[in-house]
Amino acid sequence: MDVATIKEKALPMIKSFGLPRLIITGFLLLMFVIAPFANVNVAAGLTNMLTRFGMNSVLVLAMVPMVHSGCGLNFGLPLGIISGLLGATMSVEFAFTGIAGFLMAIVLATPFAVILGAGYGVLLNRVKGGEMMIATYVGFSSVAFMCIMWLLLPYDSPAMVWGYAGTGLRTTISVADYYGGVLDNFLRIQIGHLAIPTGAILFFAFLALLIWLFLRTKTGTAMTAVGSNPVFARASGVNVDRMRMLSVVLSTWLGAVGIIVYEQSFGFIQLYMGPFNMAMPAVSAVLLGGASVNKASIANVVIGTLLFQGILTMTPSVMNGLIQTDVSEVIRIIVSNGMILYALTRKQEVTR
Amino acid sequence: MKRPQVNPKELLINNLVPILFIVICIIGIPLSGYSGTYLLNEILSRLGRNSFLVLSLLIPVMAGMGLNFGMTLGAMAGQIGLIFVSDWSIVGIPGMVLAAIISVPISVILGYMCGTILNRAKGREMVTSYIIGFFMNGVYQLFVLYFMGSIIPIKSSALVLPRGYGIRNTVNLESMRKSLDNLIPFNIFGASVPLATFILVALFCLFIVWFRRTKLGQDMRAVGQDMEVARQAGIKVERTRVLSIILSTVFAGFGMIIYLQNIGTLNTYNSHSQIGMFSIAALLVGGASVDKANIRNVFIGIILFHLMFTIAPTVGRNLIGEAQLGEYFRVFVSYGVITLALVLYEMRKRRAERIALERGEEVVA
Amino acid sequence: MKGISKEFSGNKVLNDINFKLYPGEILGLVGENGAGKSTLMKILFGMDEIRDTGGYGGDVLIDGQKVKFNSSEDAIRQGIGMVHQEFSLIPDFTVGENILLNREPEKYSVMSELFGKRLNTLDRKEMQRRALKAIERLGVELDANRKISGLPVGYKQFTEIARELSKEDDEKVEGAKGIRLLVLDEPTAVLSEHEAVALLKAMRMLSDAGISIIFISHRLQEIIDVCDSIMVMRDGLIIRHVDKAEADVQKIAQWMVGRTVKQERVVKADRHVDDEIVLSVSGLKVEMPGEMVKDVSFSVRKGEIFGLGGLAGQGKIGIPNGIMGLYLANGKVEFEGRPVRLNDPSGALDSGMAFVSEDRRGVGLLLDESLEWNVAFGAMQVKNRFLKKVGPVRFRDAEAIRKVTEEYVDLLQIRCTSTKQRARQLSGGNQQKICLAKAFALAPKLLFVSEPTRGIDVGAKALVLEALRKYNEENGTTIVMISSELEELRSICDRIAIVHDGAIAGTLDATSSSEDFGVLMLGEMKEA
Amino acid sequence: MKLKLSRRFFIRLAAIVVILVLAVVMFFIGKQHTILIDNNRAGDIKALDYFEVSVDGSPLLDMAPMLREQFLVTGQKHTITIQWEDEASGQMLAVSVNVKIPLTQDMVLMSVPTFMADMNQPQSVWLTPFEAQVVTSTAAEDNAVVLDDTASFSSF
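Protein chains in written order, with this note's numbering: chain R, 1 to 352; chain F, 1 to 365; chain Z, 1 to 528; chain V, 1 to 156.
Treat the hints with care, as some may be off.
[Unchecked claim] Residues on chain R that point at chain Z, a partial pick, calculated with CB under 10 Å:
#  : residue
1  : F214
2  : A222
3  : F232
4  : A233
5  : R234
6  : A235
7  : V238
8  : N239
9  : K295
10 : S317
[As the list claims (entries may be wrong)] Each computed EDC-like pair below joins lysine to aspartate or glutamate, with the alpha-carbon atoms no more than 16 Å apart:
#  : chain 1 : residue 1 : chain 2 : residue 2
11 : R       : K218      : Z       : E399
12 : F       : K155      : V       : D62
13 : F       : K236      : Z       : E73
14 : Z       : K251      : Z       : E222
15 : V       : K77       : V       : D106
16 : F       : K155      : V       : D44
17 : F       : K292      : Z       : D92
18 : Z       : K244      : Z       : D275
19 : F       : K349      : Z       : D92
20 : Z       : K420      : Z       : E407
21 : F       : K349      : F       : D87
22 : R       : K218      : Z       : D92
23 : R       : K295      : Z       : E369
24 : Z       : K302      : Z       : E474
25 : Z       : K147      : F       : E10
26 : R       : K128      : F       : E353
27 : R       : K295      : Z       : D368
28 : Z       : K445      : Z       : D225
Hints are computed from structural coordinates only; laboratory data are not their basis.
Everything numeric in this text was worked out from a predicted model, so none of it was measured.
Just so it is clear, CB atoms sit at the ideal spot from N, CA and C, and this is done for glycine as well.
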């Protein structure tokens, strides 16, 4: 076998895999290879990566329905997060603890997610073609609006309000006494330094399965067709606007669940400007997994989240070990936004 | 052949954003309890420091590339210029001029890059330029936080972090503060007027007016309205679009320098990242939209937007006893304004398409 | 100027075309869509398209000298101007600005020394002068300072022509000889009666000034009114090139459509069509850009193949699109005696109609999905086929979908590597077959097929037509077929209605003579 | 055509040169220096009991022994005026001296006692470069920067 044929075979493979993804996978592997030389424990690194996978994967999953229905990347994720925060704070307010607290948070968040998602869906249906920019700003404005509401809403659980004023929620609220770690510690596997947050991963798998099944129903099929070619879907008797709206509601709800999963692992509820920049990492993770502006699968979510979180956890420790410099934040910004830029400027995506 | 008559409802919708702001300001000013002189002083100072930045947004709008969220790139270039100048301890007006000179090549390179990328993302320029802003912020941090002091020589200990590389959180520009604003001292009703800055802004306005009348300006307008027709007529569409972004970036760099000389401190990692958003919000408040913006929009917008900005915290405190509330309120309003303006623009675009269709049919009939 | 002559040969689309044009002559060029008019004009105008597709044979001679245009600029330099069917005007610019688009006179500015010529300022006075001069030559009243967006179509057309005329003032184009030949591609198609008259008057003025004009139009009366000679093209050949005096509407119409019938009618003799009316349409109005339907009424009998013909842009394509709810429509449509909900695709689909769109890639297919999806999707959504129920939820039945797709792949001889292949990767003909399969899978009672053979090769064409015919015969499905190719319709349909200007000009039996169809297509029935 | 092109080239070149020259001029006239006026014992020379000092016509500043004052100036050439009381006559005497600070020197120290001991000494004897001490620290809190871009809302 000569070089030419290898090249011939390799090129389309590289093309389908996407050059940026290849670079980042290579980079991540390199990190793992040089980790021992930098005095970094690989098992601890893996644990970290898996924990963050459990934390973030549901948020990334929230991208899938909207991409499927052609609403573009869900830059409006903060809206879903806000619903989740409402549910989470109310669950704490009513003093539910443990797994019940976690489930109640989801249950309480659901009506908010449905209502906000529906409104958001109606809005996006009226601005077809300009969804992404508007989604971004809807997300931002809603975060800013909720900043006002966090101050004004009549919460009075002492675990949450400012001690001195007695009103207004704190910027970070600990959930350790409520539902902190309920998923992460469920069936946790510990082998030496390696710990696997089984519960969180199972929960993600459960949601992913639901979405996977949904996409195989009649409605799910219609949704995919709407994203692939809305005119075709309309000509086949599908109500395009309804499908899009449904997908937005689903995405918003997943965003709400996602943030609650995030909190149980992180240990804190972050209010005010907290949700502000949460959309970007989720968007770029799913793109990193190989999704495009109008195509995304569960596999994209899994691969993307693993790669993205892997880079985020491994780079700082390895870099620190090697050159005593923490460049993780910068790398995060460049990788995540670079990924989005790449997706936005890919030629084939423009002809939608 | 008649002009379409003005429909009061349409007039309201088209000017919804400015009207909303006028209402907010009319209600808010008495509640804030600020004196007229104070407000005048504030507004004049803010008008001076922001006009140049907001004006730099006009050119890409003309070329049909929407609101240039990538103006942060220019702001970064301006800041890099200022960092160097303060390291060399060049102060006052000479410092500003030197910083501007340094910023130009950086702006041109960044603008060229941004323009080229935007040419690959036609139809979604805004979201792309927005992401470019974020992306370049990462690159900027890489340079300023890790390269400056290690690879790029910066020796002033007032600038470099104690660890030996990277620029500190804030760069003190006290030696440059208001050197332009106070170059020609002038007072009106007890409020100081940054006359020299206004002269500069006026010159820039004249430039824009003149620019519209050049061949390049005409080409930009043509490209902005219909790329295909412009291409058929032999206009180099891509090049024209890149030029418009480069110009905008360069002027945004100058604008940032003017802005920071008024403020007097440079927040190395934060100053630029919000400037694009606030400038765009101000422009939209002035009644501009994604495809139409003029000099009048700029000034009306800055006055209204910053009036709201000035009074919001006190109104919040006086009303509910929380200054923080006012802070959040103004953040909400800034984002809300952009959202509203974008939504209105998209909806208007779709309606215009509908009307064009109907009109086409009438002619056939 | 001795006269212009050019000849082309060796091209498939255009076969050995020879003609001459004298100064000041107005030549009318007529022919059906696809007869080769546009290609001919593109060669004459040196468009890139021609060069990119392998150039052309033969020579173009101007003043007896052979010329070779490498680009449109070369053609302009030789004094050839062309006004295309679509306007290329900037809506928010004034008439004057549009006339001189990218050819604006400039005033020197110091900045240009530093930053290049594009920073010269525009010379507004000179622009005004040149624009007015061009408008004056055209002999129409047109305010150079009006914005284009507010003007009626006719004036936009004048602006386009004025732009061509103004090109002779350009100093930038070296060696420009001034405009000598103007090509007008269907300029009157979008004009009102009144505007068209003004345009024809303007054409005469230009011709008196010694400018030759090639005038392409489907309105035969106009051609006869204004032209000095008339050239009829069909299938890449010049059928006739006659003096105005020798032509009348009837003759031209016959030359245009009358071709030797190549395709045999393959309809069985014992074919039986009920008299029962299955679809009746009355007063249908559809807003489809470029294919406006103004007032259409017709009825289709059960089991027949009904053809809708006519020239492009007359509205025939708008009819199925309107009935199937893809474009805004109103009027009365009854299917099997029940009214059909308009403006809602599912209404039409639910009542048992199906549609194979002329826009294969845009409407007909999910280009990025598998063939299976493409075939089964419609039936799944409308008829709930290919689903299996698990509890209350209906999942798609992958096995059933694969089977049905394989079935159609065999039946229609679709060439593909597998049923999982993406629709984008198929050739045009095979894509069309997938569209048919999709419609067949719906098991419709009535099937609209719009331009089923557009852009596919001859072999596939025959296969598609055969499949339609067989489907009609075997299942008794009523088919309404829309096509621009009259011969194709005549080979398969029972009856054919001709659409002209958004209305039915007449319905004829498929065996009627070409001449009758030709007259209907050109909408000249009354004069005939 | 060729000639015209080269004309533009030269004009552009000239413009770039003008801008570069402007940049250099700005560097010269805008450069800020710190002049430290020192009244400490310098070697064998004792500090002066009392004098007043002014740089480029600034208000006079009283100087007692052991004092060190700083003046911020822009540009290279400066006039330093020193006034003191002549012990013998009890009269106020004044001396002005022109100094030229090296362009790249951020800070210079003028030892007035040294200068007063012999005014005819070259400038380099009493005007010496001065380097401020740099505190280096690797402590995390000293090196922390705020990257969060939501932090700057209120500063606008």
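Next pair to validate is Z:K445 with Z:D225; report whether the Cα-Cα distance is within 16 Å. violated, 48 Å
Between Z:K420 and Z:E407, is the straight-line Cα distance small enough, at 16 Å or below? Within the cut-off at roughly 14 Å; holds.
For the pair supplied as a hint, Z:K244 and Z:D275, is the alpha-carbon distance within the 16 Å limit? With Cα atoms ~46 Å apart, Z:K244 and Z:D275 exceed 16 Å; violated.
Holds or violated: F:K349 with F:D87, Cα cutoff 16 Å? It is violated: about 49 Å lies between the C-alpha atoms, which goes past 16 Å.
CA of F:K292 to CA of Z:D92, is that 16 Å or under? Holds: F:K292 and Z:D92 sit about 11 Å apart, inside 16 Å.
Between Z:K251 and Z:E222, does the CA-CA distance stay at or below 16 Å? holds, 15 Å
Proposed proximity, V:D44 with F:K155 (alpha carbon, max 16 Å): violated, 34 Å
Report holds or violated for the interface hint on R:V238, using the least CB-CB distance to chain Z and a cut-off of 10 Å. holds, 6 Å
Restraint status (C-alpha distance of R:K295 to Z:E369 at most 16 Å): Given pair R:K295, Z:E369 holds - Cα atoms ~11 Å apart, limit 16 Å.
Pair hint R:K218 and Z:E399, alpha-carbon separation not exceeding 16 Å: holds, 15 Å
Using 10 Å as the Cβ threshold, decide whether R:A233 counts as touching chain Z. holds, 8 Å
Do the numbers back the hint for R:A235, that is, is its least Cβ distance to chain Z under 10 Å? holds, 5 Å
Hint compliance for this structure: hints 10, 12, 16, 18, 21, 22, 25, 28 are broken, all remaining hints hold.
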